[in-house]
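Colleague: Letter by letter, the chains look like this.
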Amino acid sequence: MYYPEPISKLVDSFTKLPGIGPKTAVRLAFFVLNMEEDDVLDFAKNLANAKRELTHCSVCGHITDTDPCRICDDRERDGSIICVVQDPKDVIAMEKMKDYQGKYHVLHGAISPMDGIGPEDINVPPLIERLKDEEVKELILATNPNVEGEATAMYISRLVKPSGIRISRIAHGLPVGGDLEYADEVTLSKALEGRRDL
Amino acid sequence: MYIEELTLTNYRNYNKLTVSFDQKINVIIGENAQGKTNLMESVYVLAFTKSHRTPRDKELIKWDAEYGKIEGRVFKRNQSIPLEVVLSNKGKKVKFNHIEQKRLSEYVGSMNIVMFAPEDLNLVKGSPQERRKFIDMEIGQTQPVYIHHLTQYQRILKERNALLKDLQRQFITDSTMLHVYTEQLIEHASIILERRFLFLNKLRKWANPIHEGISQGKELLNIDYNASVNVSEAMNSEKIRMVYEQHFKNIENKEIDRGTTLIGPHRDDLVFTVNDKNVQTYGSQGQQRTTALSLKLAEIELIYEEVGEYPILLLDDVLSELDDHRQSHLLNTIQGKVQTFVTTTSIDGIAHDTISQAEIFTIHDGQLVEER
Ligand SMILES: Nc1ncnc2c1ncn2[C@@H]1O[C@H](COP(=O)(O)OP(=O)(O)OP(=O)(O)O)[C@@H](O)[C@H]1O
Ligand SMILES: [Mg+2]
Ligand SMILES: [Zn+2]
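Residue numbers (this note's numbering), protein chains in the order written: chain A, 1 to 198; chain B, 1 to 372.
I should point out that these hints are in silico values taken from the structure, not numbers from a laboratory. Note that the coordinates shown come from a computational prediction; the quantities given were computed from them, not determined experimentally. Ideal Cβ positions, reconstructed from N, Cα and C, are used throughout, including at glycine. Treat the hints with care, since some could be wrong.
[What the hints assert, rightly or not] Here are the simulated DSSO-like cross-link-like pairs (lysine-lysine), alpha carbons at most 30 Å apart as the crow flies:
1) LYS23(A) <-> LYS58(B)
2) LYS16(A) <-> LYS90(B)
3) LYS133(B) <-> LYS202(B)
4) LYS133(B) <-> LYS76(B)
5) LYS239(B) <-> LYS161(A)
6) LYS62(B) <-> LYS23(A)
7) LYS133(B) <-> LYS69(B)
8) LYS102(B) <-> LYS89(A)
9) LYS23(A) <-> LYS69(B)
10) LYS16(B) <-> LYS76(B)
11) LYS161(A) <-> LYS249(B)
12) LYS23(A) <-> LYS90(B)
13) LYS23(A) <-> LYS93(B)
14) LYS125(B) <-> LYS202(B)
15) LYS92(B) <-> LYS23(A)
16) LYS202(B) <-> LYS50(B)
17) LYS218(B) <-> LYS277(B)
18) LYS16(B) <-> LYS50(B)
19) LYS158(B) <-> LYS161(A)
20) LYS133(B) <-> LYS277(B)
21) LYS89(A) <-> LYS9(A)
22) LYS254(B) <-> LYS161(A)
23) LYS23(A) <-> LYS102(B)
[Stated by the list, open to error] For each label pair, taking beta carbons as the anchor points, the in silico distance ranges come out as:
24) VAL19(B) <-> SER13(A): 45 to 51 Å
25) ARG77(A) <-> GLN170(B): 41 to 47 Å
26) ASP115(A) <-> LYS277(B): 45 to 51 Å
Please take these sequences and the hints and turn them into a complete structure.
Modeller: This is the structure in structure tokens:
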């Protein structure tokens with residue numbers, strides 16, 4: 001199918017978003033053509049600003065527009081507990097539940113030798129530094145409940161254990177993925193049993 | 001249990017096929033490349049959501065189609081249950097009683113299958129991998145949680161081997177991560193081994209007398225488990241775990257040296273002996289076939305013991321490969337209890353008794369015709 005160049009380019013941009021295939025991209029592109037000009041300009045500006053103004057918090061690694069982030073900066077929160085997660089999305093999910101009052105550390109991934117990702121390739125060394133400087137009593141490891149997430153949690157646990165900090169493991173949610181998984185009661189109960197000491 | 005009705009849509013060389021089956025024996029006659037194996041395979045996929053001959057689901061979809069579908073009604077525990085597997089480029093979906101199942105472990109086991117194809121005659125002679133696949137499939141279909149441990153084990157194994165390669169080339173020197181994977185691996189390995197031992201015990205109980213029967217009392221079959229570590233079948237998973245822990249410690253340097261995992265269930269094998277001689281090395285072709293047949297027949301009884309219903313038996317092109325004596329033994333075992341599908345290119349090699357009881361279909365180019 002031939003489209004005028006500006007449309008082709010827009011379609012191409014939309015297909016870069018997750019979950020958007022060529023057909024949806026075309027539909028979205030034509031939708032944009034019918035939008036109010038102001039809305040379109042706002043849209044473009046917001047896209048650019050989100051990228052330009054958001055950085056990673058230098059303390060916890062969460063995405064933020066201030067540094068340190070609002071969570072790290074919040075004196076009301078309990079700095080003696082740190083919850084370690086793989087992804088900024090996990091912080092947002094935890095915050096929605098509203099009952100966690102400690103702080104976070106975002107790893108931005110999990111250890112996987114197969115993919116060439118070692119502990120230094122994710123946000124692990126800054127976590128170890130943090131534990132030296134801050135008065136942390138408890139570490140909650142909330143990495144994903146799959147092989148890589150488990151291995152990452154176990155690795156951090158082995159590293160931190162000698163310091164005497166209490167370590168617990170919580171598996172939030174279930175493995176996500178489009179294809180069917182051979183998962184079972186084990187995964188499910190792991191997710192439900194909540195924190196357990198490591 | 002038995003299949004009442006099967007509907008294929010864009011499956012392999014089938015456009016659209018709806019067929020009702022006999023509760024007992026169904027004989028499907030067709031020339032080469034007409035779709036006999038495809039039909040058997042579709043029943044297999046309906047049970048396991050995976051083919052027995054390819055790991056790539058895409059091959060199952062008719063060449064020019066976007067998706068393929070297998071629907072079946074299986075009668076089990078006095079109920080007729082609709083099952084459905086939809087295959088597409090985007091992945092597959094399974095439905096039990098019209099409800100989509102997100103976890104395969106909740107689906108597999110809905111229908112139990114024992115398949116016997118010519119390649120199974122090689123079970124004894126073939127590679128250790130084929131024997132491991134045999135034991136894993138059989139345990140998996142009555143204990144879905146076993147499949148979970150296996151898949152986890154495979155994933156950890158891949159990560160661990162990648163790490164061992166890094167350690168071997170000295171890209172890294174810290175072994176903390178290796179110990180993490182060893183711990184994870186042992187957790188699943190010890191459960192896998194325990195379940196394999198329990199299964200073998202039951203399998204022997206059925207296979208040994210069956211083998212004795214087929215050989216008219218002349219042959220004593222035994223099945224041994226050849227483990228890569230020093231364990232005994234009397235051990236539970238806790239004991240097995242301790243053995244693994246010790247062994248992995250002892251061979252750590254060797255594993256780093258070789259850059260790969262040297263022990264575990266993925267290195268184990270089954271050993272069949274007849275009258276104390278290894279059938280794989282010393283058995284005649286006839287003895288090897290008898291062994292394979294005994295194992296398949298034992299599976300039928302074992303599933304009955306575990307599930308409370310007989311599985312569905314698929315005999316793809318294999319009945320005519322067995323001599324009259326073995327054929328009649330097989331038919332005695334199933335004796336109207338087991339819904340059986342027999343495919344063949346010609347009716348000639350098949351015992352008259354079988355034919356007289358059976359529903360006959362002929363197959364041509366993906367079209368099935370009921371003869372009587
Ligand atoms: N995805 C597919 N789409 C369409 N046709 C296919 C597909 N996969 C296989 N076929 C066709 O199906 C036929 C093979 O069918 P099948 O293996 O069931 O034969 P068969 O009747 O068992 O023959 P044999 O007696 O040789 O074992 C071949 O002609 C092949 O081209
Ligand atoms: Mg065939
Ligand atoms: Zn922060």
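Colleague: Now tell me, hint by hint, if it's right for this structure.
Modeller: Hints and how they fare:
1. A hinted pair counts as satisfied when its Cα atoms are at most 30 Å apart, and LYS23(A) with LYS58(B) qualifies at roughly 22 Å.
2. Under the criterion of a C-alpha separation no larger than 30 Å, the hint pairing LYS16(A) with LYS90(B) is consistent with the structure, at around 18 Å.
3. Between the alpha carbons of LYS133(B) and LYS202(B) the distance comes to roughly 17 Å, so the proposed pair stays at or under 30 Å and holds.
4. In summary, the hint linking LYS133(B) to LYS76(B) is supported, as the alpha carbons are separated by about 27 Å, within the 30 Å threshold.
5. With a C-alpha separation of about 26 Å, the suggested pairing of LYS239(B) with LYS161(A) holds against the 30 Å cut-off.
6. The straight-line distance between the Cα atoms of LYS62(B) and LYS23(A) is roughly 24 Å, inside the 30 Å bound, and the hint therefore holds.
7. A C-alpha spacing of about 26 Å is found between LYS133(B) and LYS69(B), which places the hinted pair at or below 30 Å, so the restraint holds.
8. Restraint check for LYS102(B) and LYS89(A): satisfied, since their Cα atoms lie roughly 23 Å apart, inside the 30 Å limit.
9. In summary, the hint linking LYS23(A) to LYS69(B) is supported, as the alpha carbons are separated by about 24 Å, within the 30 Å threshold.
10. Distance restraint check for LYS16(B) and LYS76(B): the Cα-Cα separation of roughly 25 Å lies within the 30 Å cut-off, and the hinted pair is therefore satisfied.
11. At roughly 21 Å between alpha-carbon atoms, LYS161(A) and LYS249(B) fall within 30 Å of each other, so this suggested pair holds.
12. Distance restraint check for LYS23(A) and LYS90(B): the Cα-Cα separation of roughly 15 Å lies within the 30 Å cut-off, and the hinted pair is therefore satisfied.
13. Simply put, LYS23(A) and LYS93(B) have alpha-carbon atoms about 22 Å apart, close enough for the 30 Å limit, and the pair holds.
14. Taking the CA atoms of LYS125(B) and LYS202(B), the gap is about 22 Å. The hint holds against a cut of 30 Å.
15. Among the hinted pairs, LYS92(B) with LYS23(A) is consistent with the structure: their alpha-carbon atoms are about 21 Å apart, no more than 30 Å.
16. For the hint pairing LYS202(B) with LYS50(B), the CA-to-CA distance comes to about 26 Å; that is within 30 Å, so the pair holds.
17. Distance restraint check for LYS218(B) and LYS277(B): the Cα-Cα separation of roughly 13 Å lies within the 30 Å cut-off, and the hinted pair is therefore satisfied.
18. As the CA atoms of LYS16(B) and LYS50(B) are separated by approximately 20 Å, the hinted pair is consistent with the 30 Å bound.
19. Of the pairs offered as hints, the one joining LYS158(B) and LYS161(A) holds, with about 27 Å between alpha carbons and a cut-off of 30 Å not exceeded.
20. Distance restraint check for LYS133(B) and LYS277(B): the Cα-Cα separation of roughly 23 Å lies within the 30 Å cut-off, and the hinted pair is therefore satisfied.
21. For the suggested pair LYS89(A) and LYS9(A), the alpha carbons sit about 29 Å apart, so the restraint of at most 30 Å is met.
22. Proposed proximity of LYS254(B) and LYS161(A) is supported: the alpha carbons are some 28 Å apart, at most 30 Å.
23. Under the criterion of a C-alpha separation no larger than 30 Å, the hint pairing LYS23(A) with LYS102(B) is consistent with the structure, at around 26 Å.
24. Between VAL19(B) and SER13(A) the C-beta distance comes to about 50 Å, which sits within the given range of 45 to 51 Å.
25. A hinted range of 41 to 47 Å holds for the C-beta pair ARG77(A) and GLN170(B), which are about 43 Å apart.
26. A beta carbon spacing of about 48 Å between ASP115(A) and LYS277(B) agrees with the range 45 to 51 Å that was offered as a hint.
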